[in-house]
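Protein chains in written order, with our numbering: chain C, 12 to 88; chain W, 147 to 522.
No lab work stands behind these hints: they were computed from the structure.
This list has only true hints and no planted wrong ones.
Distance condition first, Cα-Cα at most 30 Å in a straight line; then the derived DSS-like pairs of lysine-lysine:
id, chain 1, residue 1, chain 2, residue 2
1, C, 68, W, 373
2, W, 168, W, 151
3, W, 318, C, 68
4, W, 439, W, 504
5, W, 432, W, 421
6, W, 504, W, 432
7, W, 522, W, 210
8, W, 168, W, 240
9, W, 292, W, 317
10, W, 292, W, 240
11, W, 210, W, 432
12, C, 68, W, 292
13, W, 292, W, 318
14, W, 521, W, 433
15, W, 317, C, 68
16, C, 46, W, 421
17, W, 421, W, 433
18, C, 46, W, 373
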Amino acid sequence: MSIHVRYFASLRETMGRMEERLSPDGLLTVSDVWKAVHQGQTLPDQPLCAVNMAYAKPESPVQDGDEVAFFPQVTGG
Amino acid sequence: MNLNKEEIQYYHRHLILSQIGKTGQQALKKAKVLIVGAGGLGCPILMYLSGAGVGRIGIVDPDKVTVSNLHRQVLYGFSQVGEFKAEAAVNRLKDLNPNIVLEAYAQRVSPENAGDLISQYDVVVDATDNFPTRYLINDFCVYLDKPFVSGSIDRFQGQLSVLNFTDNQGKKCPTYRCLFPTPPAPEIAPDCSQNGVIGVLPGIIGNLQANEVIKMICGVGEVLSGKVLIFDALSNQMMLFSIQRNEQAVQQALQNAPDFESFDYESFCSSNRQKINEISSVDLHKKLQNNEKIQLIDVRSIPEFQEELPNAVRIPLNNLQANIHNISKNDSLVVFYCDHGINSVRAIRMLPNHHKLKNVFNLTGGLAAWLKEEKK
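Construct the complete structure from the given sequences, taking the supplied hints into account.
Okay, structure coming up:
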């Protein structure tokens, strides 16, 4: 099993991918997931995070099989 | 609000829908909707809400139509280039539906006028292209207890949500600040002129916003409240994320209420960032005329404007890292510019620390501002 991470909007370009699967080992919160793909950097105020399609906070728990999504604030109109 | 003979014919396809019918059409005729932003999102919203028969529509936009708007802002044509969007929109929409009242406000929505504008309408549509205005609309809608439909687009993706909605059980739903308590720096989340946008995207997202307005007014279906819809035009994926109201964030908006006029939305949206030196077109022009030694760096990759500043060095943003050695350290002033002055800020932020000298400046408003000044 794994944690399914999805990126939206400009994050797809900065990350260079739309999604990835991470081993759940040591990943307890949304913030841990962010750090795992950002060389330990802390999750900034943005982007918005969701676990299993529901709004989540950096400290929200994650577990094996969860889908974690990050989407940035967008302003074009 | 009775419908006249012409209206019965005009709205025939609505009237035969059991979910709308005469009652829904009369509710639409009675409704007052303010659309802030008559750009990519605003155009389809305006066309379809006018067609739907929303009785009173206010249009707020301080901008004029430019050629680079036309690929997605399909309400306008070449003959309107240079006209105020709000006014050009009213002229076109009057022809589309003469039985509605249209009001043009060719001005920027600001803390000074937002209260007066918003209080005259039942529903607000946020179709703007910048964060200060998004937070401003949120705070006034929360304060005046108005629902608003917020939409935004970037490249191939768009998102929308109905915010500050009160459901039929009287429950208050999330606001913009519940979703995004603090704004990002402008160069992290640029608008369409910086990142580009596929022309059909505002058509899709704007129509979804218009659909939410109609549903809210007619009381049909499920309003997109407590959820954010994200659409990806490349994969055709449409996703719904559930969101929650955050009372702390709502209070923040309400706390600003008595002091709206003194709350600086512009600086709120650019706080926590290292300050960048700015130079205006007028000042740069003077310095160039005085033959001051200035190095001009053009960071555009595909310019919107063909013009360029004299003796500028072209280093597109995506090649900047590799070409930093081309930036002279001997000139008294180094001025970065692009079409609208946002990518050039990104460029300055990318400079390694030893280049972040006091003499590095951003041309405020970019070439657009420069060319405007030249015309005067």
